[in-house]
Amino acid sequence: MERDKLFEEMYRVVYEGEIEQAAQVAGRGLAAGLDPLDCLNLGFMPALERVGEEFGKGEKFLPELVAAGEAMQRALAVVQPHLAAARRDRLTLGRVLLGTVEGDIHEIGKRIVGSLLIAAGFEVVDLGVDVSAATFLDRARELRPSIVGLSALLTTTMVRQKEVIDLFRQAGVRAQIIVGGAPVTASWAEEIGADGYAEDGGSAVALARKLAGGTGS
Amino acid sequence: MSGPLPARRPLRRLRPRLALSILGPDGVKSVHEAALEVLGRAGVRFPSARALGILADSGCAVDWERQVARIPPDLAMAAISRAPRRFTLGARDPEDNLDLDGEHCYLSTDGCGIQVYDLQTGSPRRSTGEDVYHSALVADYLDSIAFYWGPTVSAQDVPPAVRPLRELEAAFLGTSKHVQPETIISAQVAEWCVEMALAEVGSAAELRRRPIFSVMQCALDPLGQDGGSLEASLVAAAHGVPTGFMPMPMSCATAPATLAGNLVVATVDALAPLILIQLAHPGAPVFFAAAPTVMDLVTGGYTGGSPEDYLLGGAFNEVCRYYGLPLSMGAMATGAKLPDWQAALDNTLSAIMPVLTGTAMLTGAGLLNGSKIFSYQQLIMDCEIYSVAARVSEGIQVDAETLAVDLICRIGPGGNYLSDPHTLRHLRDIWRPRVIDRSPYDAWERSGRRGAFEAATDLARSILEQHRPRPVEAAVRREWDRILAAAARR
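As they're listed, the protein sequences go chains A and B.
Residues in the first sequence are numbered from 1 upward in steps of one, following our numbering.
Residues in the second sequence are numbered from 218 upward in steps of one, following our numbering.
Below, a list of computed lysine to any residue pairs in the SDA-like style, where the Cα atoms sit at most 20 Å apart:
#: 1; chain 1: A; residue 1: LYS57; chain 2: B; residue 2: ALA660
#: 2; chain 1: A; residue 1: LYS57; chain 2: B; residue 2: TRP661
#: 3; chain 1: A; residue 1: LYS60; chain 2: B; residue 2: LEU644
#: 4; chain 1: A; residue 1: LYS60; chain 2: B; residue 2: ASP637
#: 5; chain 1: B; residue 1: LYS554; chain 2: B; residue 2: MET512
#: 6; chain 1: A; residue 1: LYS57; chain 2: B; residue 2: PRO223
#: 7; chain 1: A; residue 1: LYS57; chain 2: B; residue 2: ARG225
#: 8; chain 1: A; residue 1: LYS57; chain 2: B; residue 2: PRO657
#: 9; chain 1: A; residue 1: LYS162; chain 2: A; residue 2: ARG139
#: 10; chain 1: A; residue 1: LYS60; chain 2: B; residue 2: TYR634
#: 11; chain 1: A; residue 1: LYS60; chain 2: B; residue 2: ILE647
#: 12; chain 1: A; residue 1: LYS60; chain 2: B; residue 2: HIS639
#: 13; chain 1: A; residue 1: LYS60; chain 2: B; residue 2: ARG642
#: 14; chain 1: A; residue 1: LYS60; chain 2: B; residue 2: ALA224
#: 15; chain 1: B; residue 1: LYS589; chain 2: B; residue 2: TRP558
#: 16; chain 1: A; residue 1: LYS57; chain 2: B; residue 2: VAL652
#: 17; chain 1: A; residue 1: LYS60; chain 2: B; residue 2: ARG651
#: 18; chain 1: A; residue 1: LYS60; chain 2: B; residue 2: LEU222
#: 19; chain 1: B; residue 1: LYS246; chain 2: B; residue 2: ARG538
#: 20; chain 1: A; residue 1: LYS57; chain 2: B; residue 2: GLN683
#: 21; chain 1: A; residue 1: LYS60; chain 2: B; residue 2: ASP646
#: 22; chain 1: A; residue 1: LYS60; chain 2: B; residue 2: SER656
#: 23; chain 1: B; residue 1: LYS589; chain 2: B; residue 2: MET465
#: 24; chain 1: A; residue 1: LYS57; chain 2: B; residue 2: ALA672
#: 25; chain 1: A; residue 1: LYS57; chain 2: B; residue 2: ASP646
#: 26; chain 1: A; residue 1: LYS60; chain 2: B; residue 2: VAL652
#: 27; chain 1: B; residue 1: LYS246; chain 2: B; residue 2: ALA295
#: 28; chain 1: A; residue 1: LYS60; chain 2: B; residue 2: GLY220
Here are the simulated distance ranges between beta carbons:
#: 29; chain 1: A; residue 1: GLY213; chain 2: B; residue 2: ASP335; range: 43 to 51 Å
#: 30; chain 1: A; residue 1: ALA206; chain 2: B; residue 2: THR338; range: 31 to 39 Å
#: 31; chain 1: B; residue 1: ARG694; chain 2: A; residue 2: GLU8; range: 47 to 55 Å
#: 32; chain 1: B; residue 1: PRO311; chain 2: A; residue 2: ALA31; range: 48 to 56 Å
#: 33; chain 1: A; residue 1: THR185; chain 2: B; residue 2: ARG667; range: 14 to 22 Å
#: 34; chain 1: A; residue 1: GLY172; chain 2: B; residue 2: GLU618; range: 50 to 58 Å
#: 35; chain 1: B; residue 1: GLU618; chain 2: A; residue 2: ALA31; range: 32 to 40 Å
#: 36; chain 1: B; residue 1: ILE331; chain 2: A; residue 2: ALA206; range: 42 to 50 Å
#: 37; chain 1: A; residue 1: ALA31; chain 2: B; residue 2: ILE625; range: 30 to 38 Å
#: 38; chain 1: A; residue 1: GLY172; chain 2: B; residue 2: LEU222; range: 52 to 60 Å
Just so you know, the hints here were simulated from the structure itself, not pulled from any lab data.
Glycine included, every Cβ here is placed at the ideal spot set by N, Cα and C.
Sequences and hints are given; from them, build the entire structure.
Set out below in structure tokens:
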């Protein structure tokens, strides 16, 4: 009974996007002796899935999806250390490295994509804005992401996406590199040799799913 | 082909907060005084012995040969003061009743078209009784449509003698919302319509409380009315069924070229029948109506949208509010032949002006080519236009919660508001489209370049396939059959 109440509460904090409460609720679950994996599978995850479904049906909206994703992230941060390493890996669809390219300080589009990827079950490392090609490469070597996402809002900075791709190819670092941002088009993505392009957050998730499936991670 | 249809939502009861003034108090008063002067000096033609008798008995100077009554200002004002400022347009489903209270605004369908853009072929064809039912069915589903005006199209497969009754029956069967025909133009037809309504509501007292239909008449501008329409409205008024008269003065043709002069003609032609009804049945619910316009200077035809129309539409509302009477403003009804750029321009501006000047009824959505061709897609897209106008009319709320100073300071420079509780609390206040396309370019390309028109087509098909209105009881339908059979024998 107590157990069901806790799972319900976990479901609720993610479903309602109560970011500030998520960690505390996760902690309460663990303190009550619940299995960490059960917390995710029976508590938090179903809520995230339902928000995703309702978003697809036009019943929930982007901020709600982002809030649910962030609540999930807070809960995960508490629960994850209690999981065995092998089980931890199975929890994520893959690791995604995100950043806005050098010379460009636009953040919000990338942030939305990041939140949606988290909500979809990816692990996201956001390098922030004005990220140089060298930094992308260093962090990719360190974190071994399956996908690297390059954001640019300006026609003057989108050329930097090509720089990053070229650097990765020269260095022989394997990762699926995807590009996005207002001035970016499918033909630009093709021209610079990117592995994928998506025009909005929803299609970015679909793209990441496709690519992650391809790499078998 | 079409997906599952979301449940029918309660109809939209728009309460505008923004208010636009075009004439200002002095301008309104000048139009009012001019109209009173014309009523007394030139008079108005009432081609009905019954109407002229009522006016003569009340103290009007009647020229029986010309059928013109001159109405003294005092008599006019006394009669106007008897008209109720607030009344109800009833509906088969009382949940759909409309309170005309001077604060709310309701959109209806347009009428009375003669063709339909067929939903399957996309080509225009002659309208039938089935189209009346189908247009009512779609109107019943759409939450922006508060009542069914028209019929939206004419039932041209039905013999003219019983056509208005068949159309009323089809409208009642298609929607549980209020029905306002513009085809009740003789005392006899009005009697039959009242009988049909009585069969549905059960008693004369209930019909007064909940008049499930009202009567819209056309005036014969300038300074004239139609005899049959007047007599039909007198019958309706006797039963407490609301009635209104719609002048459509056309500058250069049936009104002066100057817009202020047009407003004087509109005011006279809306006031004159209202005065008659109040003299005959004091306190009977009467609304104002108007669709003032200008003549197209090349064709001599109806413009179906022009800057002058938008100004007149707003200004006449101000005149109406001076009298405190509910107004039905003719809006939308674009002259465009297709649901295109011209249609959107006309219908947006002609809708938003009356909404911002406090109209009670907005008539109406869904017809093209100057109210001649019904388009399901245009009806749905007009609802979207109205929904935009509705949101604009709500204005901007300014208080501590909406200024959100604490929030702004908490988020600070460079942060974002995406997932903040304040955002989650208010995001649903933000207007959302139903058919407008906001998809990314590639998704749009992949969809086969689908836009609002295609989305509206799908929605119309889903409604016709899946929506079923509140049924009319079998006993009521039998009574309607009896009334229609009796009407056919006459």
